[in-house]
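**Q** Taking the hints into account, I'd like the entire structure generated from these sequences.
In order, the protein sequence lines correspond to chains R and V. Our numbering puts the first residue of the first sequence at 1, with every later residue one more than the last. Our numbering puts the first residue of the second sequence at 1, with every later residue one more than the last.
These are computed hints drawn from the structure, not numbers from a lab. From the three backbone atoms N, C-alpha and C, an ideal C-beta is built for every residue, glycine too. Errors might be hidden in some of the hints.
What the hints assert, rightly or not - Covered stretches of chain V (chain R as the covering partner; in silico rule of three or more C-beta atoms under 8 Å from a C-beta of chain R):
(1) 26-37
(2) 85-98
(3) 101-111
Below are the chains, spelled out letter by letter.
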Amino acid sequence: MAKAYRWLLPHPLLTILLAVVWTLLQNEISAGMVVFGIILGIIIPWGTAAWWPDTPQAFHPTRLIRYILIVLWDIMVANVEVAWIVLTKPNAKLRPAWIVVPLDLRQPEAITMLAGTITLTPGTVSADLSDEGHSLLVHVLHTEDPEAVRDDIKHRYERRLKEIFA
Amino acid sequence: MNLELVLTYAIAISLLVGAIFALVGAIGLLKFNDSMTRLHAPTKVGTVGIGAFLLASMIHSFTFSEGSFHELLIMAFLFVTAPISANFIAKVNIHCRSCDTPPSPPRDDTWSTLNVPEADRALAADAKSTAKS
Numbered sequence: 001m002a003k004a005y006r007w008l009l010p011h012p013l014l015t016i017l018l019a020v021v022w023t024l025l026q027n028e029i030s031a032g033m034v035v036f037g038i039i040l041g042i043i044i045p046w047g048t049a050a051w052w053p054d055t056p057q058a059f060h061p062t063r064l065i066r067y068i069l070i071v072l073w074d075i076m077v078a079n080v081e082v083a084w085i086v087l088t089k090p091n092a093k094l095r096p097a098w099i100v101v102p103l104d105l106r107q108p109e110a111i112t113m114l115a116g117t118i119t120l121t122p123g124t125v126s127a128d129l130s131d132e133g134h135s136l137l138v139h140v141l142h143t144e145d146p147e148a149v150r151d152d153i154k155h156r157y158e159r160r161l162k163e164i165f166a
Numbered sequence: 001m002n003l004e005l006v007l008t009y010a011i012a013i014s015l016l017v018g019a020i021f022a023l024v025g026a027i028g029l030l031k032f033n034d035s036m037t038r039l040h041a042p043t044k045v046g047t048v049g050i051g052a053f054l055l056a057s058m059i060h061s062f063t064f065s066e067g068s069f070h071e072l073l074i075m076a077f078l079f080v081t082a083p084i085s086a087n088f089i090a091k092v093n094i095h096c097r098s099c100d101t102p103p104s105p106p107r108d109d110t111w112s113t114l115n116v117p118e119a120d121r122a123l124a125a126d127a128k129s130t131a132k133s
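**A** Written out as structure tokens, the structure reads:
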């Protein structure tokens with residue numbers, strides 16, 4: 001039974017997400033479109049299961065919502081900071097730096113989310129992953145203290161992502 | 001002061017905020033002189049700049065017509081895809097050596113972009129020598 005369930009619904013959360021996205025695309029809620037969204041939500045994960053074989057074992061959506069709110073707040077704060085740097089810092093005084101973030105996360109989904117978060121917060125861009133996936137290369141626009149930025153990423157984002165996927 | 005007026009002001013403020021951040025992003029793109037630092041400018045426009053525009057659009061649709069949630073979808077798709085293009089540009093920069101060489105990772109051998117397979121190394125050296133001559 002469990003095997004049949006896993007075969008039919010390899011990614012239950014993706015199914016829900018696809019159904020919600022389809023309904024939002026219609027811009028009005030009607031029963032027919034919700035049903036069609038659910039059908040799409042079953043067919044698409046089933047058809048693409050070959051390219052996403054390992055479902056994350058644990059996932060906490062409530063912690064994810066908290067994380068998203070924190071990231072949105074950080075994006076706004078960092079935006080103002082970076083805008084200030086762009087407008088007032090002359091190029092000669094800019095201190096860009098490479099930062100290596102050692103990763104404790106192992107799940108590819110979690111690492112992708114961390115890299116995406118780092119890029120979305122202005123001032124930092126995640127550039128590359130090491131060949132075995134143990135460290136993340138981050139480029140910082142301007143910093144006096146690269147260690148502080150690294151610790152900030154580890155404490156603020158990676159720790160929370162570990163809780164989401166734990 | 002009725003609700004419609006307040007919301008119209010809210011739309012105007014959102015549009016202004018979006019325009020300011022888009023302008024700052026464009027200034028950054030022009031001002032910075034290194035390919036990696038230049039990459040930081042568009043990430044700003046991609047988040048708060050477009051976010052403010054979409055907020056204005058959403059308030060407008062809820063005030064003057066039926067209301068729409070498409071903006072939330074645009075935001076979600078944008079947030080998912082923007083880091084990927086930024087990552088690709090950064091990878092190209094590293095690959096073409098058009099930026100400072102990054103420090104080597106502590107636990108692994110090298111960065112995945114710089115990890116050229118054994119069979120391709122001779123090919124890459126060949127291409128370099130023909131480019132020089």
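**Q** For the stretch 85-98 of chain V, do three or more residues have a beta carbon lying closer than 8 Å to a beta carbon of chain R?
**A** The restraint on the stretch 85-98 of chain V holds, since 6 of its residues have a Cβ under 8 Å from chain R and three suffice.
**Q** Quick one: see if chain R covers the stretch 26-37 of chain V, three-plus residues with Cβ-Cβ under 8 Å.
**A** Our answer is that it holds, as 8 residues pass the Cβ test (under 8 Å) against chain R, meeting three.
**Q** With a Cβ-Cβ cutoff of 8 Å, does the stretch 101-111 of chain V contain at least three residues near chain R?
**A** Result for this restraint: holds, n = 9.
In this structure, none of the earlier numbered hints is contradicted; all agree with it.
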